[in-house]
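Peer 1: Starting from the structure of chain X, add chain S where the hints point.
Here is how the chains run, residue by residue.
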Amino acid sequence: MNTIAEHIADFLKEYPPFNHLTFEELSEIAMSIRVVNLDKHKTLFQINDVLHDSFYVVASGVINLSVIADAEETLLNKCTEGDIFGLRPFFAKNNYMMTAKAREESIVYAIPIATFRPFVANNSEVLNFLLESFAVNTRNPKDKENLIGKLISDNVFYSDQQSEMQYFQSLSYNISPLKTTITAIVQEVAQLMTETLKNNVVICENNLPIGIVTDSDMRSKIATGRYPVTVSVDKIMSSPVITVVENVSLAEAQLLMLKHNVTHLCVTQDGTDKSDLKGIISEHDLIVAQANNPGVLIKEIKRSQNPKELKQIRERLTDLVQTSISKNIPLSHIFNIASEINLAIIKRSVELSILDLGSPPARFAWLSIGSQGRKEQLLLTDQDSILIFEDVSADKYRDVKDYFLKLGKRTTATLEKIGYELCPNGHMGSNMLWCKSLTDWTKQYDSWMNTPGENSNDLSSIFFDYEITFGEQRIEDAIGNVVFKNAKNNTLFFDFLGNDALRKNSPLTFFKNFIVEEEGTNKDKFDIKTRALMPLIDGARLFTLCFDIRGINNTFQRFKQLSITDPKHAEIYLSCAEAFLILSKFRTLEGLKNDNSGQFINLNELSKIEKEKLKNALAPMRELEELIKNKFQLTQFS
Amino acid sequence: MLDWLKNINKEYPEFWKTYVSKFDKKSSRFVILSTETSGLNPDKDVILSIGSFAIIDNSIVIGDSFETVLLQYKFFHDNGLSNEFLVESKMKKLGEPDAIKLFIEFLGNSVLVGHHIDFDVEMINAALERLGCGRLKNEALDVDVMHRKLNDVNDKQFSLDELCATYKITKSDRNSSSEDAYKTALLFLKLKSRLGIK
Numbered sequence: 001m002n003t004i005a006e007h008i009a010d011f012l013k014e015y016p017p018f019n020h021l022t023f024e025e026l027s028e029i030a031m032s033i034r035v036v037n038l039d040k041h042k043t044l045f046q047i048n049d050v051l052h053d054s055f056y057v058v059a060s061g062v063i064n065l066s067v068i069a070d071a072e073e074t075l076l077n078k079c080t081e082g083d084i085f086g087l088r089p090f091f092a093k094n095n096y097m098m099t100a101k102a103r104e105e106s107i108v109y110a111i112p113i114a115t116f117r118p119f120v121a122n123n124s125e126v127l128n129f130l131l132e133s134f135a136v137n138t139r140n141p142k143d144k145e146n147l148i149g150k151l152i153s154d155n156v157f158y159s160d161q162q163s164e165m166q167y168f169q170s171l172s173y174n175i176s177p178l179k180t181t182i183t184a185i186v187q188e189v190a191q192l193m194t195e196t197l198k199n200n201v202v203i204c205e206n207n208l209p210i211g212i213v214t215d216s217d218m219r220s221k222i223a224t225g226r227y228p229v230t231v232s233v234d235k236i237m238s239s240p241v242i243t244v245v246e247n248v249s250l251a252e253a254q255l256l257m258l259k260h261n262v263t264h265l266c267v268t269q270d271g272t273d274k275s276d277l278k279g280i281i282s283e284h285d286l287i288v289a290q291a292n293n294p295g296v297l298i299k300e301i302k303r304s305q306n307p308k309e310l311k312q313i314r315e316r317l318t319d320l321v322q323t324s325i326s327k328n329i330p331l332s333h334i335f336n337i338a339s340e341i342n343l344a345i346i347k348r349s350v351e352l353s354i355l356d357l358g359s360p361p362a363r364f365a366w367l368s369i370g371s372q373g374r375k376e377q378l379l380l381t382d383q384d385s386i387l388i389f390e391d392v393s394a395d396k397y398r399d400v401k402d403y404f405l406k407l408g409k410r411t412t413a414t415l416e417k418i419g420y421e422l423c424p425n426g427h428m429g430s431n432m433l434w435c436k437s438l439t440d441w442t443k444q445y446d447s448w449m450n451t452p453g454e455n456s457n458d459l460s461s462i463f464f465d466y467e468i469t470f471g472e473q474r475i476e477d478a479i480g481n482v483v484f485k486n487a488k489n490n491t492l493f494f495d496f497l498g499n500d501a502l503r504k505n506s507p508l509t510f511f512k513n514f515i516v517e518e519e520g521t522n523k524d525k526f527d528i529k530t531r532a533l534m535p536l537i538d539g540a541r542l543f544t545l546c547f548d549i550r551g552i553n554n555t556f557q558r559f560k561q562l563s564i565t566d567p568k569h570a571e572i573y574l575s576c577a578e579a580f581l582i583l584s585k586f587r588t589l590e591g592l593k594n595d596n597s598g599q600f601i602n603l604n605e606l607s608k609i610e611k612e613k614l615k616n617a618l619a620p621m622r623e624l625e626e627l628i629k630n631k632f633q634l635t636q637f638s
Numbered sequence: 001m002l003d004w005l006k007n008i009n010k011e012y013p014e015f016w017k018t019y020v021s022k023f024d025k026k027s028s029r030f031v032i033l034s035t036e037t038s039g040l041n042p043d044k045d046v047i048l049s050i051g052s053f054a055i056i057d058n059s060i061v062i063g064d065s066f067e068t069v070l071l072q073y074k075f076f077h078d079n080g081l082s083n084e085f086l087v088e089s090k091m092k093k094l095g096e097p098d099a100i101k102l103f104i105e106f107l108g109n110s111v112l113v114g115h116h117i118d119f120d121v122e123m124i125n126a127a128l129e130r131l132g133c134g135r136l137k138n139e140a141l142d143v144d145v146m147h148r149k150l151n152d153v154n155d156k157q158f159s160l161d162e163l164c165a166t167y168k169i170t171k172s173d174r175n176s177s178s179e180d181a182y183k184t185a186l187l188f189l190k191l192k193s194r195l196g197i198k
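Heads up: the protein sequence lines correspond to chains X and S, in order. Per UniProt numbering, the very first residue in the first sequence carries number 1; after that it's consecutive. Per UniProt numbering, the very first residue in the second sequence carries number 1; after that it's consecutive.
Excised from the complex, chain X in its bound form (with noise of 0.2 angstroms):
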């Protein structure tokens, strides 16, 4: 026994299958061990390597998993501390079937086989552990959540074979039916149907299925009158039902569906009506199973009734863009499918917290600014927003406030939850700077507008891309028309903006080279986000402001309205326009690389030809800038 040993025993025993193993089992497990540090895009094993006697867990850093599949790498998963990878030994004879290569540099632990296998055998847990996380073939997060703890897989053709796989995988489906007597009213019934928002209910005598409501019978025999909201459920019941065993594979659920012409099956435990009822797949849960299609999630994301639910959906969002991109999708369509999306979860949001709160006191709007105000947040980027409600009697006012400050911490909270970040500029609605009424707001778009420059420290020009996510349109409207007419023929203001695009650093030096940061943890890497990105959007902003151009918020959209209001410089526009499309899908991929806002690209991993595509992309900017300052004349603030 030594200390080290101890320590690594230590490590293990927080994470799952260790945690069902006794300390001593693991300070015996732990001496036999191999510590291995992999450099840096160091391979571990390949496809087709003979296996190795051990099996592996993180220590520290991060292992990619990945198959190559017609000679593309696809990436399986990202292994980080505590999860366990490479099993195959443990059930199968032949090679490895994925490659596993280290993301950064990482420290594993290599557990023997030989060693291991005893502990296995005699421990069912931690048996069953392992075949799950062997069998697991799916990078469903929701999946992750219901198997509790990290699974790995290891045996999956991922790209090109995973329609077919799919067929063959379970189902989740709602284990937790909504039920009720064969003597309930039909109009509780559906009151019931309604708060729990499920779209049916199924009739049980002591927990045996023997018959089902969905909403198409509250349509065809309610709402058309042949039946009173008031008599028995068992008159309008469909009867008898279709059931199913657990464990029923999308093919053959989908096989049953069609052969009885039913949306939904019930699963009980021997597959008959005449034992417990288990669970309900409705068509809607096939639909999940297939894809992580857009409609799917918007409509999952109505549903949620919890920051939690969220989270998974905005977590099948990121894949959704994953291999979005990967399928070369056009860039400005992601853009928009994504913000939908976002849009949705905020609203949702902003809906869980007044479900709490209560109806609130007064109309408002809840308005996203900054990148999601812009319809251009594909990563998990700071959340910012405002507040505006009606004006309200004074003597109201401090509650309606009160309330809505209220509203705005929950919400914000509930996006944190999610993933999303507070702003660190606090820029959100919960803040008692940005949740006014609409006279407040107005004063401060007028000062902002006619006196720049004298309180400037709080003037960020985010505020100038907005978009409503809940609430009265009026109130946007009311807004953008204050901004639009103080906007007209004010010079000062478009100097002050001017002048705040210009100010940012420039991405090249003299000698047309990359200027990276110079220390802090991202040295060496080039800050894209404020040297790339945010002037072409001070860009485009300012122009529209200045050519009155309204509701369109999204920097490529705007950059290609402007090539037709302006039609002298559409070049330059148009230009723009695709670069920031390029520079915004480096920023992407980075980001999806890295799990993070993919602010900071590492150049040394860009191949050459894909940082000469960087570099051409930057000098649309040169002449947008020139153009900035003909125009306005910059003189006031520079």
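Calculated directly from the structure, the hints in this document are not laboratory data. Treat each hint with caution, since some may be false.
Stated by the list, open to error - Cross-link-like lysine-lysine pairs, in silico, DSS-like; alpha carbons within 30 angstroms at most:
| id | chain 1 | residue 1 | chain 2 | residue 2 |
| --- | --- | --- | --- | --- |
| 1 | X | 631 | X | 608 |
| 2 | S | 93 | X | 593 |
| 3 | X | 13 | S | 74 |
| 4 | X | 611 | S | 171 |
As the list claims (entries may be wrong) - Simulated restraints, written as ranges between beta carbons of each label pair:
| id | chain 1 | residue 1 | chain 2 | residue 2 | range |
| --- | --- | --- | --- | --- | --- |
| 5 | S | 194 | X | 53 | 23 to 33 angstroms |
| 6 | X | 46 | S | 108 | 32 to 42 angstroms |
| 7 | S | 194 | X | 196 | 55 to 65 angstroms |
| 8 | S | 139 | X | 13 | 34 to 44 angstroms |
| 9 | S | 27 | X | 249 | 53 to 63 angstroms |
| 10 | X | 596 | S | 139 | 35 to 45 angstroms |
Each residue gets a CB set at the ideal place from its N, CA and C atoms; glycine is no exception.
Peer 2: Here is chain S on its own, set in the frame of chain X:
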């Protein structure tokens, strides 16, 4: 100058003879060594504990390790110090002769690695001399020297903590010679691959 003459007919202890005979072959095993000592003077001070790991095939073999506390009763008595903390330690305890003997057996012909390893080697040599043995014959590598070579720095030395910070090795709250040996081992693995040593 004439030391070798003095020793020419000297009978060495059995374990030392075995140790010397191992050097017929070259080893691919590395042994990471860290010692805790009572001070910095090899002539007067003694080793208080030894922590050591083997590295085979670019991986630290946790089981192939040597760890002990040395019971230096005489040293503590002579210097009027309390040895309670040694007695209380949960680790394996050995007298200096046994500890050194076992360590030499563990070490064999492997390549020694440590942080400022020269000093550790001097301390072990002093202890070996007390047992009537010769000096260590192993090749020795120093992680600080490796780091300086990698970065072309000649004018300063780096402490173990500084090196750990540079190579992002997490510090542990516990402090012992085993702990230091483990950190040194990780450092060595990282430096080894960076310097391309096979």
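Peer 1: For residue 93 of chain S and residue 593 of chain X, compute the direct alpha-carbon distance and say whether it is at most 30 angstroms.
Peer 2: Answer violated: residue 93 of chain S to residue 593 of chain X is near 50 angstroms, above 30 angstroms.
Peer 1: If you draw a straight line from the CA of residue 631 of chain X to the CA of residue 608 of chain X, is it 30 angstroms or shorter?
Peer 2: With Cα atoms ~36 angstroms apart, residue 631 of chain X and residue 608 of chain X exceed 30 angstroms; violated.
Peer 1: The hint says 32 to 42 angstroms between residue 46 of chain X and residue 108 of chain S; measuring C-beta to C-beta, is that right?
Peer 2: Holds, at about 34 angstroms.
Peer 1: Can the suggested window of 23 to 33 angstroms be confirmed for the beta-carbon pair residue 194 of chain S and residue 53 of chain X?
Peer 2: holds (27 angstroms)
Peer 1: Please test the hint of 53 to 63 angstroms on the beta carbon pair from residue 27 of chain S and residue 249 of chain X.
Peer 2: The hint (53 to 63 angstroms, Cβ to Cβ) holds, given that residue 27 of chain S and residue 249 of chain X are roughly 57 angstroms apart.
Peer 1: Should the hint that residue 194 of chain S and residue 196 of chain X are 55 to 65 angstroms apart at their CB atoms be regarded as holding?
Peer 2: holds (60 angstroms)
Peer 1: Is 34 to 44 angstroms a correct range for the gap between the Cβ atoms of residue 139 of chain S and residue 13 of chain X?
Peer 2: holds (39 angstroms)
Peer 1: Taking 35 to 45 angstroms as the hint, is the beta-carbon distance of residue 596 of chain X and residue 139 of chain S inside that range?
Peer 2: Holds, at about 44 angstroms.
Peer 1: Sort out whether residue 74 of chain S lies within 30 angstroms of residue 13 of chain X, counting only the CA atoms.
Peer 2: Status violated; Cα separation ~42 angstroms.
Peer 1: Is the Cα-Cα distance between residue 611 of chain X and residue 171 of chain S 30 angstroms or less?
Peer 2: Roughly 37 angstroms between the alpha carbons, so the hint for residue 611 of chain X and residue 171 of chain S is violated.
Checked against the numbered hints above, the structure breaks hints 1, 2, 3 and 4 and satisfies the rest.
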